[in-house]
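My request is simple: use the sequences and hints to build the entire structure.
Given next are the chains, with one letter for each unit.
Number of protein chains: 2
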Amino acid sequence: MVSAAGTNEKVGFNSWCPFLIFDSMQKLKELAQKIRKIGKDDPRRVLHSLKVGLALTLISIFYYVKPLFHGLGASTMWAVLTVVVVMEYTVGGTLSKGLNRAFATLLAGALGLGAHHLAALAGDKGEPILLDVFVFMLAAMATFSRFVPEIKARHDYGVTIFILTFSLVAVSSYRVEELIKLAYQRLSTVAIGVATCLCTSMFVFPVWAGEDLHMLVAANLDKLACFLQGMGMEYFGEKMESESLEGKSFLQSYKTVLNSKATEDSLANFARWEPGHGRFSFRHPCNQYLKIGAVTRQCACSIEALNAYISTLQQSHQTTTDLEFKQKVQAACAEMSMETGKALTELASSIREMKWSSTAGKHLAVATEAACRVKALVPADNSTLQEVLISATTTSLLTEVVRCTNPVIAAVEELSRLAEFKRPEHGRKAGAESPPHVVIDIKK
Amino acid sequence: MVSAAGTNEKVGFNSWCPFLIFDSMQKLKELAQKIRKIGKDDPRRVLHSLKVGLALTLISIFYYVKPLFHGLGASTMWAVLTVVVVMEYTVGGTLSKGLNRAFATLLAGALGLGAHHLAALAGDKGEPILLDVFVFMLAAMATFSRFVPEIKARHDYGVTIFILTFSLVAVSSYRVEELIKLAYQRLSTVAIGVATCLCTSMFVFPVWAGEDLHMLVAANLDKLACFLQGMGMEYFGEKMESESLEGKSFLQSYKTVLNSKATEDSLANFARWEPGHGRFSFRHPCNQYLKIGAVTRQCACSIEALNAYISTLQQSHQTTTDLEFKQKVQAACAEMSMETGKALTELASSIREMKWSSTAGKHLAVATEAACRVKALVPADNSTLQEVLISATTTSLLTEVVRCTNPVIAAVEELSRLAEFKRPEHGRKAGAESPPHVVIDIKK
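First to last, the sequence lines map onto chains A and B. Take any residue in the first sequence, count from 1 to its spot, add 56: that is its number in our numbering. Take any residue in the second sequence, count from 1 to its spot, add 56: that is its number in our numbering.
What the hints contain is simulated information worked out from the structure, not anything from laboratory work. No false leads were mixed into what you were given.
The list treats identical chains as interchangeable, and a pair is accepted whether it falls inside one copy or across any two copies.
Taking lysine-lysine pairs in the DSBU-like style, the calculated list, with each CA pair at most 35 Å apart, reads:
no., residue 1, residue 2
1, Lys83, Lys304
2, Lys96, Lys478
3, Lys418, Lys478
4, Lys237, Lys208
Take a look at the structure:
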């Protein structure tokens with residue numbers, strides 16, 4: 057028994073040890089692959105990392121070189137701090153943070169000095185109390201101002217630095233003798249830090265938020281086009297729905313467009329701070345990109361509805377009786393889908409090359425013509441049939457909403473189990489017999 | 057002439073001056089109203105502002121009281137800095153930032169000391185060079201790690217503080233004699249700052265991110281329900297589409313749901329840091345809320361499609377010929393819409409009260425029954441008509457996509473004018489005659 061256990065242990069150890077090494081080697085390998093992929097997806101990320109290192113190395117020279125060090129004293133540290141905090145991925149981000157930091161420091165420093173002189177009038181005992189009152193009031197007011205959407209969007213960081221600097225200057229005014237010198241040192245080190253960041257950010261492989269926004273908007277249009285052209289080819293095309301669409305990549309790629317608002321907003325916000333560069337002038341119309349983004353998302357929403365309807369349709373098998381009618385509709389749908397896709401591709405490349413062409417409008421006109429052709433298949437004087445068709449569409453859309461509610465119920469039901477919601481007594485008994493929610497299956 | 061001009065000026069000044077005062081009074085009034093509205097919409101904002109003031113006042117006492125001050129020296133300032141930077145609106149936000157800051161400071165401080173001892177081996181001249189190499193390498197690697205999505209989401213701030221502290225300790229190790237003392241002071245002041253923030257944040261009117269997420273998810277369900285019930289009453293209801301829906305508030309309120317992902321993600325991210333409180337245990341299933349959010353948005357998307365279709369339909373006037381058929385469809389649609397709305401309301405209140413009820417499933421079952429009833433209006437053996445109906449729906453959805461592309465073209469065209477895109481020579485001439493893009497109007 058003992059020997060057996062011993063053997064087991066030995067075997068366990070021998071087989072375990074290489075396994076552990078192998079396992080951690082495997083994990084390291086995966087991590088390395090992941091990191092390589094992040095760098096490969098956008099090589100500017102590697103450059104940005106090196107740029108941060110460069111900016112920090114530049115600023116630390118200030119510290120090592122004696123004459124520079126003695127001028128500014130220990131507050132050179134503020135310059136290092138500024139570089140780490142202000143350096144952002146895009147030029148606009150760095151500019152936004154840097155200018156916010158510099159101006160907030162200047163303003164708050166001046167106000168802090170004023171508060172110190174005012175508080176000094178109150179005598180030795182009154183000074184700290186008065187200073188505290190000032191700090192409390194200014195901090196509370198400034199914090200509240202961050203809830204104003206316009207300030208939140210553009211000056212959130214500036215307000216933080218404002219509170220910070222005011223508190224630092226006001227509070228330390230009670231102990232530090234040479235307050236003016238402290239304020240001057242802080243301001244100049246912050247200025248040095250911001251200048252270093254801006255130079256590194258703008259002149260060493262700059263990443264412009266405006267250009268990223270430009271490319272993102274074009275890429276989103278391309279994703280929608282990709283779906284429509286894929287549909288036009290694979291679903292409405294000559295294969296006639298014979299193959300299942302499952303697993304096709306074009307069915308998924310447009311979904312990221314639906315959630316692109318936050319990225320677009322933040323890029324546009326940074327782009328507003330950027331000076332003119334390359335093909336972009338200083339007053340480049342950032343807001344127009346946001347408008348394009350909004351209508352693109354609306355388009356993505358109607359594509360989502362189409363996709364949902366088609367994927368439900370694919371699950372039910374339809375028998376074709378009137379082949380001619382079906383072929384006509386199918387051909388028109390293929391044309392609508394392909395041409396709209398072409399129009400969107402055209403728009404994307406028009407944005408990318410900053411060259412307007414009216415081809416997009418022409419493609420869309422062809423698509424519209426195809427849509428009218430389908431409508432003409434139903435004789436205009438047969439108003440009963442037309443009414444039936446409209447009712448059918450409305451009902452289908454509403455049915456889609458009902459169907460969409462099903463997963464919502466399932467998800468909330470799962471939450472109710474995970475978070476241990478209360479359940480009514482009689483419901484628990486009933487729950488044992490019937491499924492927790494009604495599974496709905498509407499046959500098309 | 058002169059006197060006339062003089063009179064004019066006088067009149068100008070007299071009428072201008074009160075106008076200026078009036079104008080700025082008006083603006084001040086508007087600002088005050090805006091600020092009051094922000095505070096009224098969520099009174100916790102006012103409390104949060106006061107809490108920031110309170111935390112700062114508490115920490116400044118450290119500075120004023122002599123015994124405390126002498127223990128930590130001038131680095132008490134780090135405590136003030138920590139409070140300003142770490143204090144967030146929600147408890148989860150403060151915890152996330154505070155813990156990130158504390159652990160990053162600890163780790164980077166230790167590494168910085170190690171780097172100092174290693175660099176000291178290289179002699180007086182080699183030391184700054186070696187320190188710079190360390191700072192460059194660590195800053196570059198840490199910055200790159202911020203591009204890893206998992207680190208970006210949860211430890212972005214920690215990485216910043218890591219770079220910051222390491223640079224500060226490593227760089228200043230060249231000049232500062234008592235490095236250990238500096239590192240200890242920095243760590244303890246950061247800890248004091250974080251502790252102050254956490255106490256104020258958790259014990260004085262706490263705002264829990266988990267609870268906000270909980271309420272947001274429920275509110276979003278309510279918004280969808282509001283649309284469906286509004287539609288069921290006003291459009292499908294007894295009034296029979298007689299009135300225009302324009303300007304109804306329920307047509308707009310659900311639109312914010314479409315863009316709620318960013319807010320939900322950030323709240324869930326903060327909520328993960330929060331300890332148990334009230335009805336929420338420590339391991340409250342945050343991810344499940346994100347899942348509910350995702351399916352809710354999908355539901356909102358299909359509602360958007362329905363809304364778009366109906367609003368186009370309202371613009372074209374349909375004559376009713378088969379009143380009986382229409383009434384049947386309308387009644388079924390009203391039931392589908394109302395019952396789905398009720399199901400969503402039920403789910404929202406079930407989340408809010410943390411009490412599961414199976415009523416939502418029952419409402420949805422009624423809605424599904426109504427959907428089947430409409431389908432039954434078309435005889436199942438009439439497969440030609442069924443095919444026509446399916447084709448009609450697919451075409452309608454595709455037409456909606458084509459229609460949605462129209463504003464995209466218009467928006468890109470506007471961008472091309474604002475950003476002065478190149479235009480082909482012959483296009484410019486043609487442009488003078490024809491409108492810049494083809495306006496598409498598909499009659500329903």
